[in-house]
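**Q** These are the residues of each chain, in order.
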Amino acid sequence: MDQSRAEAIFDKVKKYASAAEVEVIFSSTNFSLTRFANNTIHQNVSEVNEVASIRAAFDGKTARATTNRFDDDSLKRAVQSAEQMAKAQETDPDRLPMASAAEGKAAEPPSRWFDQTAALTPADRADGVAKIVDAAKKNKLVTAGIFSSSQSAEAIVNANGLSAYHRQTSAEVSITMLADSSSGWQKANSPDVKNVDPVRLAEIAAQKARDSRAPQELPPGKYTVILEPAAVLDLIGFMFWDFGGMAILDQRSFLNNRIGTKLFGENISIVDDVFHPLQSNTPFDGEGVRRSRVNLVEKGVVRNVVYARGTAAKMRQSEFKDKAGEIRVTGHGFPLPNEMGEAPTNIVFLTPGNEQTVEQMIAGTERGILITRLWYIREVDLYEKILTGMTRDGTFLVEGGKVKHGLRNFRFNQSLIEMLNNVEAMSHAVRASGEEAFDMVVPAMKIGGFNFTEVTRF
Amino acid sequence: MSMKQIADWALNAATGRGAAYADLRIVDHRQRTLATKNGKVGHAGSAESLGVGIRVLVDNAWGFASTDDLSREAVEKCAAQALEIARASAGVQEQPVRLAPEPAVKIEWATPCKIDPFSTSIDQNLDLLTRIDAELLSVKGVTLAESSMQLGRYEQWFYNSDGSDIHQTRVTTGAGFSALAFAGTEIMKRSYPNSFGGQHQNKGYELIDELELLQNARRIGEEAVALHKADRCPEGKMDLILDSSQLGLQIHESIGHPIELDRVLGYEANFAGTSFLTLEKLRTLRYGSDIVNVVADATEQHGPGLGTFAYDDEGVQAQCTPIITHGLFTGYISSRETAHAIGENRSNGTMRAEGWNRIPLVRMTNISILPGEKPLTFEQLIAGTDDGIYMQTNRSWSIDDKRYNFQFGCEIGWEIKGGKLGRMLKNPSYSGITTEFWNSMDAICSRDQWTLWGTPNCGKGQPMQTMGTGHGASPARFHGVKIGTAYKGN
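Residue numbers (my numbering), protein chains in the order written: chain Z, 1 to 458; chain P, 1001 to 1490.
What the hints contain is simulated information worked out from the structure, not anything from laboratory work. Warning: the hint list may mix true and false statements.
[Claimed, not checked] The list that follows gives simulated cross-link-like pairs (lysine-lysine, DSBU-like), each with its CA atoms no further than 30 Å apart:
1. Z:K194 x Z:K262
2. Z:K138 x Z:K87
3. P:K1037 x P:K1106
4. P:K1077 x Z:K137
5. Z:K76 x P:K1077
6. Z:K87 x P:K1237
7. P:K1237 x P:K1037
8. P:K1229 x Z:K323
9. P:K1040 x Z:K222
10. P:K1140 x Z:K222
11. Z:K323 x P:K1140
12. Z:K140 x Z:K194
13. Z:K131 x Z:K15
14. P:K1417 x Z:K87
[Claimed, not checked] The following residues of chain Z were derived to be distant from chain P, with all beta-carbon distances above 12 Å:
15. D94
16. W113
17. R290
18. E366
19. D381
20. R392
21. F412
22. S415
A virtual CB, placed ideally from N, CA and C, is assigned to each residue, including glycine.
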């Protein structure tokens, strides 16, 4: 899908529509994933799909119909469906007209399309997996994981002349190494496959599996922890759904009555920045509005949340407007209509200087726990942001500045607010990828008083 | 063109190029999703997706390719790509694929459905949701009211190179609502009839009336507000009674996932994890107490669960498999590829795919605990409990990657003293080790208290697939459970 094809299909849709306003979001995917377990490729898949999501709007009423059929009948049917669903609604005076062409004009982020990633074949991915399996065998381990590659494009065109387009590639490797009583894990992704090194990841995962063999049990309690970047990401990812104006208006955010206050430690500063070289996202939002950099947290003070167009307009009229940060359209809205509003999904941690490597953090820790990865994290308390979850695939006791041995996995129940007040050291921020949250640019962190409540059997 | 013709193009292209086995699924999936917030439309959308996924076995290795283009050229290209992928798979292989035999069948099947949900008007759907919101907001202190409805029609044509031709249509309906109350430093939430979107079944629109949504809205709003004044759930070891929806999720996490044979064999080790139910535990492990009887039942006789179908996505007939029999672990859920690992010569029919663009995986069907054989109402269960906590409706759920240690939080609880429900409790939670927990079950209500719940959002696989599963349960009691850990230290 390129921009001219998107615009040509949009012209057809517009002809079929009776709605005052029409918008089409196109997404195009060519995705392949090679999956391995027990040192064998056991699943190996590919998908080609193009989707048009058509929004019709009549004066304060709007609805969306999505189809992956672009023939005339299917497009007409989708237009009719969107219009029918819109007409059935009561007029909502808060609904805005669609975005203008000027609102959509975005600066180009660094190129996120790499021909070498787009050119990856099943044989190339199998070759990468073969190297991972070799590393497993060399270490007398069994491995499981994935090697995926994709090309994707997204376009949004509306009747007000807005037309935005973005394409990118992605390559991802995730590896688990399994020993009899332990495991190790690593994961990385990038638009450029050259930045993803399966052999290096395999060797680190293998070392973690080896070093955590015969894990010992430590009683639950409060410990100093060193969280590797993927563990940091999976935890803090839970708070960013609350960093939107709609969450404040709905009073479902832990930032209700807390914007402008010092909620976290002095060393915590976070921005949303789609243009950061390690980020990977479209430079426009679900209405086609250009994204802008937003200062979310500065030296522990929550400064701002992000705003879609409609939310910003509503917030300016609301009783919460003085406790909502700078109210401006930031380009973080989800496709309309939606209940969620918006969220920052291009998170970059700004580290305050004096960064330490994970090795330096270990060397400076008298007694603590090194954590590779977290798992099955869920929210226990909505306002205090208490999260529960488990450690997984490489949990170690650190004593006297050294990694001593593997530990049985812990369950934690930890407030994010408290955690971000107890950060004792950070590494340089890196692009990290986990399983519970979207990818971010985050550091490893050394944190005091992390609350473990139970230990499992392995 | 007909679906059979598309299938012929794919199967001929696959077998002609050397596939020892091939199957394909053409899927036409339609959905309507509506949501309201504080009486206004939050989401209104419809979606349709049509495509074909082709799975081939070449040199004892799998390849799968899928496309949204059903032209002959595209389908044949897709089949060729599946072969190319399979040949790449064959280069990294220590365990060649062995498929359990399965006879070819020709069959048509559809969800029994009294009211086609797509025959209902959007006005009718939205009218109900906005009236629920209004009822919730009529309670002083409710700060956010949300209601939603999801209607689906999933039509699939399955063909394989052995001659199977299976046409199935599943209709699903789901709805629910929630009330949030923010005050001071707490956000309290109540949901009905279950959290995370309510109740979902393979049923027509008749489900909506059965759920009595509007009739329960005011009570739920009042409970959300009342929780602010409730005491916090105490910590300690106590008797615990779970409502059937929470017990359904407990089954899902601590029985449903660990019995997936692919997981046991390590296929999911990188993402969803493995399982404590290693193969030697089959027919030897005391999973639960004598009154714990659990089945994996995909047949229509079990009820309109999200795991009900006639044939799975490998063309294997729906079955009922005993999973736990009077406390003894007696069965896994399997596929044609994994059945041999437990000495079976046939899959028990649990392979399911999210759509045309995903491969089938071993998935929960309806994993249900059977009701107690002796009559026992909920009121009698409470009356027979001297000291304990009753918890209702899930709020948080977490379990380790081998499915041993779990922790669940619920939206609301009540103290039980001397056989009576007492004060309301906020932030209730409980935790434990799977087998210890199921062995502590000492009472379960009878059939009249049994509900077949739908979990519409079970995630598994890479790329991630979301699947609907069913879980039948009656309220049950567990002795000496660890209560209140979630807030320990906070």
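**Q** Please go over all the hints and tell whether each is borne out by the structure.
**A** Hints, one by one, checked against the model:
no., hint, in the structure
1, Z:K194 x Z:K262, "violated, 41 Å"
2, Z:K138 x Z:K87, "violated, 65 Å"
3, P:K1037 x P:K1106, "violated, 46 Å"
4, P:K1077 x Z:K137, "violated, 36 Å"
5, Z:K76 x P:K1077, "holds, 28 Å"
6, Z:K87 x P:K1237, "violated, 56 Å"
7, P:K1237 x P:K1037, "violated, 39 Å"
8, P:K1229 x Z:K323, "holds, 26 Å"
9, P:K1040 x Z:K222, "violated, 45 Å"
10, P:K1140 x Z:K222, "violated, 40 Å"
11, Z:K323 x P:K1140, "holds, 23 Å"
12, Z:K140 x Z:K194, "holds, 28 Å"
13, Z:K131 x Z:K15, "violated, 53 Å"
14, P:K1417 x Z:K87, "violated, 54 Å"
15, D94, "violated, 8 Å"
16, W113, "holds, 21 Å"
17, R290, "holds, 24 Å"
18, E366, "holds, 21 Å"
19, D381, "violated, 7 Å"
20, R392, "violated, 5 Å"
21, F412, "violated, 9 Å"
22, S415, "violated, 6 Å"
Violated hints, in rising order: 1, 2, 3, 4, 6, 7, 9, 10, 13, 14, 15, 19, 20, 21, 22; the structure is consistent with all others.
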